[in-house]
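S.K.: For reference, the chains in residue letters:
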Amino acid sequence: MTHYILRRLIYAVPLLILISIIVFFLISLAPGGPMAAFEENPNLTPEDIVRLEEEFGLNQPIYVRYWKWAKRIVVGDWGYSNVTHRPVLEEIGHRLPNTLQLMLVAFSITLLISIPIGLYSALHQYSLFDHVATFFAFVGQAIPIFWFGLILIIIFNVWLNNPVSPHHGFAWSHFTQCADCKPLLPGGGMAPYGVDDPTLGQRIQHMILPVTMLAMFGMGAYTRYMRGQTLEVIYQDYIRTARSKGLSERMVVMRHAFKNALAPVVTIIALDLPGLFGGALFTETIFSWPGMGRLFYRSAQRGDYPLLMGIVMINAVLIIAFNLLADLSYAYLDPRIRYD
Amino acid sequence: MSKIIRTLLVLTLLTVIIAVAGCSSSQQPAEKPAAAPTEAPSATEAAPAPTEAPTPTEAPAKPAEPTTIIYGLYQEPDVLNPFIASQYAADEVSKMVVEGLVDVDPDGNFYPVLAEEVPTIENGLVSEDGLNVTYHIKKDIVWSDGEPFTCDDVKYTWEIVTTPESGAVNTSGYDQIESITCDDPNTVQIKFKKFYAPYLTLFDSVLPKHATEGSTDMTTWDYNTTGLLGTGPFVLKDWESGDHITLVKNENYRDYPDLPKADQIIVRIIPSREVGKALITSGEIDILWDLSEADVPEFEENPDVVVNKRPGPGTERLLLNLADPTLDATDDPLNHPHPLLADLRVREAIQYGIDKQLIVDELLYGATVVGTSELSIGWAKCDIPPSEFNPDKAKELLDEAGFKDEDGDGVRECHGCKYAEEGTPLKLKIQSTSGNQLREETEQLLVEMMKNIGIEFYIENVPSSELFGSWSSGAFRKHGNFDILMYTTSDKIDPQSHMKGYFHKDSIPTEANNGKGFNYVRWINDRASEALDKAGSTPNLDERKAQYQIACEEIAHDIPHLYLYDRSEIDLTRSNIKGFKVNPWGRQTWNVEEWDKE
Amino acid sequence: MAWQQFKHHQMAMVGSAILAILLLGAIFVSFISPYSPTDSSLRERRDPPSIQHPMGTDTLGRDLMTRIFYGGRISLAIGLGATILGVSIGVIIGSMAGYYGGKVDEALMRLTDLFLSLPRIFLLIIMAILLREVDVPILKANGDMGGIILILGLLSWTSVARLVRGQFLSLKEKEFVESARAIGASPSRIIFKHILPNTATPIIVAATLLVARNIISESGLSFLGFGVQPPTPTWGNMLNAAQDEMRKGNWWMAFFPGLMIFLTVISINYIGDGLRDALDPRKVK
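Respectively, the protein sequence lines represent chains X, S and G.
Under this note's numbering, the residue at position 4 of the first sequence is numbered 4, and the numbers go up by one with no gaps.
Under this note's numbering, the residue at position 11 of the second sequence is numbered 11, and the numbers go up by one with no gaps.
Under this note's numbering, the residue at position 246 of the third sequence is numbered 246, and the numbers go up by one with no gaps.
Please note: incorrect hints may appear among the correct ones.
[Claimed, not checked] Computed from the model, here is a short list of chain S residues facing chain G with C-beta under 8 Å:
id, residue
1, P257
2, E274
3, E298
4, Q437
5, E440
6, E441
7, Q444
8, L445
9, V447
10, E456
11, E460
12, N461
13, E466
Read the hints as simulated data drawn from the structure, not as lab findings.
In this text, all values refer to a predicted model and were calculated from it rather than measured experimentally.
A virtual CB, placed ideally from N, CA and C, is assigned to each residue, including glycine.
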């Protein structure tokens, strides 16, 4: 077992190096670059721009820049953002807690709802419940996620007013506009602006729409997956054996079916977890959530390679680690598999 | 009950709790250090007290709710230091904190800020040859931390900006200064090496010597972010990356406590204009920055929102490449012409084929006027008549230029044309920034208008960072690998560097000059270049205006740029916001001290 | 027999019917519709649904229904094209890894890991930008449609490769493979003639889901500004162009393209579901 883990870890090193090289070269191939913002600025003369390119070292060949970056990263120096001049780890550190907060809540809710539904659906295959659950699972996968988010904003922020607002009752502000109407739900951000110490209730209010958007998307996939895995399992011989031994249906389901069906689901969860750190670009963009997804997108657009490399490398390490964890958890949950 | 399911349930519940609770614990360490260095913000809570002094009876009941104005920007500033920031959005924020000696008002006139008056030749503060400029600083100006503001700060600003290793971006003009002398703390005497026409645009921001002295590498300063320090009406309180920037009123401001009227400005970073428009409709933000003419009708119908609009210096235009687009940054467009666009008759035909008025009336709801020249407003405004919409004339010109549709596919081909190979179809790529609805609509109308005269336009939009990419990143605009581009650029109150950068024959970006210059279309016109040289070398405004007129006429004749429509500066405010005044020449926060909320 | 099974899956049949209608509409729209999908009609901008325009008109006065069906052509072509490309690559890589095992397997699976370790959105953006630089006419056709098929195809092979590899690992030890090898069949013959047909079921099911996912991805690319260029309509870029219109109350511009994506994807999902049920050999009847 230890041997297996060690081997996997050793394999990870060249993989990480390869990833860093590929990503670094891809970034520099992409036109735009950190100077794009300056080019638009009428305050800058052409001379200023040429001078800046030299200062940023952008006129050096790509392998020289990569080598410089790699030498620093080995000793743990992640460098400074090309754009904000702040340390890469500080930039990431600002965003990571926000992302984790949103993603973990959404992920937990997704699992709490979808795993029982998937299980129940499978056990009552072709029942009305199963059909309805299947339908909604497909709905979740069939709606373009950004479109769903925009609809949520328009309905709950632009059209619907807060029923407890002082002057107006429950109203479609779209038709009855009023200056002091308060929207039913905030249209973005993590907490009310201008409030020094937001309450837990206010924070939760701000999470409702983005979490709904994220959960909508994930719920369908997990429900389907759980249902499929349970179906795989309940036709297996050992379930029949268990039944024929006269075990109660409840015991059969919980002890045998659920446990065995969950093993591959846990694997999928482990594989999906690193995605949580990367944030959800569409959700963050639509709901002004200051998370990793937007940070990543912005640095990709701006050619901010130190920051971009930082995010990609952290992500890659997480993916490799969670891959390993997935395999190990699989072995733990499914005694038929052994690594040696 | 299986153990696994129970553990799983407990675990998920735990993560929910930790995640929700984690936000409050994660925020605290972030707020503390941010608030610590600028002790001033604690004054916000105390701020209402002095204003309420005249009515002590009411004061103890409940301190009045502080006036908070939320200003929506769809771009997050990278850094706030005006000398290294490259975005307009950054200036929108820093202008609330940092002031300069003089500034530009909405009418395009300079007005004194920290200076007693604007130096001119008439009031004797500028020498006849324009080489010596004197500023008298207002009495008793202090930085927001209480330190006095003196001539030394101005001198220091010049010194640090021109220090090579400082990393300052915007140094043009400052390198033309020979010396600055401070005979007394309130008198700044500037001596230029040679005449610098836009001398008044220098020192629109002044750096605090006492707070930034030490490191000559500006990019490492705290000043760039949370340490921003100025003499302006507000001070920076904190900056939550990706989310918002909080500014509170400066108690050391020269007009305090009368001004600023608002207690707090929160700059909220919103992810896109579309989201911003939803948020101002629902009242979640008070002010929304930088919209387009196409947004005007929707919000004019909305009684809760005021549309603030004023013609600006920007003009939406087509850039027509005159050089062979397959070559990499050729320095010789005359011998390597664009096979189709190099023929003046083709460019004229394109202009005749475009119904600019239709675009203005339909897509911009008549909220602006058709574009005629580079300098559409301001003292140097060019006088150029609008182009004519005449498709028949366009067809004639194309026939004459040797482009005829002989294969009957609706697109003309070269049959005896000047530069292209025989049979080359008259097909041109038009590129703009993607995701901009107005531009995409304009392009689609252009495609139709061109189809009507037998030219095929096809659209290939790219994200703005790619279009405006730099020389070293190989951006196609700089390297001349395009047919037609469409975007807006704006000149400044002094148009010299803009005009010279875009239209002078020496401003063509090439390998030899390391991609210097903005003459992307590679237009060579000796008369225009000469006029621009003259305009930059005299302090006489009438003479300069006449030279710009010559350049504008040459542009109108040669059509390297084809002006579609003039842009306005458009911002939205909620109807209870007072004191907001659009300034097309500067930043919208130029008079932030007057902003108030009813 | 499988068809008998499939017929009994009601939702799959409904899905097939909806998809058939959309396909017919996409194919025959140019014969039926009196309107052009690209030419503006400025007097009819933003008209709500009516007899003349059953789905209303867009911001340039173009008939939305006509654009929807023309857009269906492109969107479905992207979904199918990218899936065919992705499945082909996945099958080749997966079967080579599974059949040869050892070093080949190790190398190909590390390649798959590499692909999975890079953020998908990052690869999308970088590839979209790089593709602009190459000037291959087939990729540029229909407003960069070819390029988008290539991008989405290159991003959708990994799951298929893993699936095929797993199938191969278990099948290659089976007797019929051993016997084929014993009579001296070439590896390519064994792979394509003997093993691959036995893996068809899960591949077909995975492929249907990929079509659905690629149609959704196309709309996401449009949202990020890397989609098919105007005036060529796709459901994704129509939806994206209507972002602002929903707020103004012009719901039809966002509703119908969204509905089309929704109907198509849900139909395909049900068809995939039906196929899985029909083709599953273990299923108890």
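S.K.: Could you run down the list of hints and mark each one as holding or not?
M.R.: Structure-based check of all given hints:
1. P257: violated, 40 Å
2. E274: Because about 5 Å separates E274/S from the closest Cβ in chain G, which is inside the 8 Å limit, the hint holds.
3. E298: holds, 6 Å
4. Q437: Result: holds, 6 Å to nearest chain G Cβ.
5. E440: holds, 5 Å
6. E441: Result: holds, 6 Å to nearest chain G Cβ.
7. Q444: holds, 5 Å
8. L445: holds, 6 Å
9. V447: For V447/S, the interface hint holds, since the closest Cβ of chain G sits about 6 Å away, which is under 8 Å.
10. E456: violated, 12 Å
11. E460: Holds: closest Cβ of chain G sits about 6 Å from E460/S, inside 8 Å.
12. N461: holds, 6 Å
13. E466: holds, 6 Å
The earlier numbered hints that this structure contradicts are 1, 10.
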